[in-house]
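> All chains, please: the whole structure from these sequences, using the hints.
Order-wise, the sequence lines are chains A and B.
Under the working numbering, the first residue of the first sequence is numbered 12, with each subsequent residue one higher.
Under the working numbering, the first residue of the second sequence is numbered -18, with each subsequent residue one higher.
Please note: incorrect hints may appear among the correct ones.
Non-contacting residues of chain B with respect to chain A, defined by C-beta distances greater than 12 Å in every case (computed) [unchecked claim]:
#1 I27
#2 Y37
#3 R38
#4 S49
#5 E66
#6 S244
Rough simulated footprint, nothing fancy, chain A against chain B, three-plus residues with beta-carbon under 8 Å [said to hold, decoys possible]:
#7 70 to 83
#8 259 to 265
By construction, these hints were calculated from the structure, which means they are not laboratory data.
All C-beta atoms, glycine included, are put in the ideal place defined by N, C-alpha and C.
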Amino acid sequence: MLQYLLSRLLRAAVSIVMVVTFVFVVLRMSGDPATVIMGADAPPEAIDAFRKAWGLDQPLWVQYFAFFEAVFSGELGRSMRDGRDVVAVVLERVPSTLALTIPAFFVNIAVGIPAGVYAALHRNSLIDRCVMVMAVTGFAVPSFILAMLLVLIFSVTLGWLPSAGQDSWRNAILPIATMGFGGAALLARFTRSAMLEVLGQSYIRTASAKGLPWSAVVWRHALQNAAIPTITIIGFMLGGLVAGAVVVESVFSWPGVGRLLVVSVANRDLAVVQAVVLMIAMTMVAANMVVDVLYGLVDPRMQGQARAARR
Amino acid sequence: MVDATSSPAGTGGSLITRLLSRFATGNRMPLLIVIAILWLVLMLAIAVSADLISPYRFTQMDLRNRLSLPVFMGGSWRHVLGTDELGRDVLSRLITSIRMSLLIAFGATIIGAVIGVTLGFVAAHFRGIVEQAVLALVDFSAAIPFLVLALAVLAFFGNSLVLFVCLLGFHAWERYARIARGLAISGKTHGYAAAVHQLGASPWRLYGRHILPNIASTLIVSMTLAFPEIILLESGLSFLGLGIQPPDTSLGNMVGFGREYLSSAPWIMLAPAFVITVTALCVSLLGDWLRDRLDPTLS
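In structure tokens form, the structure reads like this:
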């Protein structure tokens, strides 16, 4: 177990090094970082000071390590728009984004898993068909179109819910519904196929043959085994939630990290973009590591298999 | 000369003959798949003949008929799908957008497959440290949402059509790399690869002429599954105003500008939204079906 934990930690560390390297390479390839970060019309003294502070007069490998140091001490430059420290600019948006993604995540799980399990237990029933149609639709309707259809129905036509802003909790309903639906559809589809596969196993037949009531077979044997592939999908879903937040926050003018990223890209406020990308990437790496560890806990077989699969 | 398509160790016959034999011996094609194929053929025909069939030029304004209703909402036949805020014909813009979006999706899918397969083969050929480096890159791009990476690159490099297509090409490269590496490693253990190697063929020839044709069906299935994702990604970025820039137009771009007129003229946004959704749906239905028929190992 310890070896498994260590190997996951090592992989996470490698991923973080690669993220920082990616940002470093993109930053260097796109021009002089001093003018890029400070803006082309910054005073020459400021640019010189910036060069010295970031060691831009040093050889490239020294700069590379200096960049790491800057990233891990949280010195990522200042926003072009208001000159504030970008870390503060990004952090103040985080609660708004969490206010959407956490409820959406619970909607995903609370709707997706029961729907998938029910569909698998009642295969080819009407509800199973409905779940599958919803699952396929959830993939094909991109979140920005779903968001606008919801606005068209619930804001424009019915006038029940506001379409933009962050004035009350009612503003959060449509964004959460948009993000919740896509993930729930995906999760339902995977839970269904995981359940179907488990239900076809011989130990399920053994369990019902020895006289266990069907509910006990489902609860004790099927669900626990179907949880294993489902946890992997939940790991992938976190990435989908972040990407979904970028789009959905933009549609609903919700002042979160995603909207900050889009606005900063449009304004080429590069210090902010850099900070947001680093933060999202590190969150994702950490989340994936947690999922990997959970996976190892739920299924001890994985500890050996994961190592074998890497070879 | 050993031909991969007739090699005894291959997976049996070329892709085309295998497809044909499946069609001949397998069950009839489901109606849904027939509809999906018809829709995609229609989209392709529209994309190819865009200049011939569009009733107006897509930038042509008709300022006296701004925001005019489409036919099914009681408008005139002059503008079948209505007009936008500048009086531009929605149908003509839709046709041009279909061409643009399909062109980008095709280009990006091919770029992604080439990058991924090349890196996968390189990993399979050299093994050792090179393979570990490729696998680390695969882990990295599987971990970070591609939309965020794409936004970062667009912020630093600005936007142009060529850059945009190349950028989307990096989507899903890691999937091809994983598949190509795995299949190439197992392919090398087959007799035909060893025979070609012993005959003195270069690695280029071994991978390009012998291993590639043998794994083509799996790769084509993956490409079919990645294609709708690229359509959705392109339309998402264009919707955010960070993809295709005016005066060019794409499906996502149309939805993005239609958003301003959601309450007064929803048809501007509904027509491209419908095309995006149905096209993505059809390609992924077709991909799922192809996967079940051609490649049982992928499910």
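> What are the numbers of the hints the structure violates, in ascending order?
Of the numbered hints, 6, 7 do not hold.
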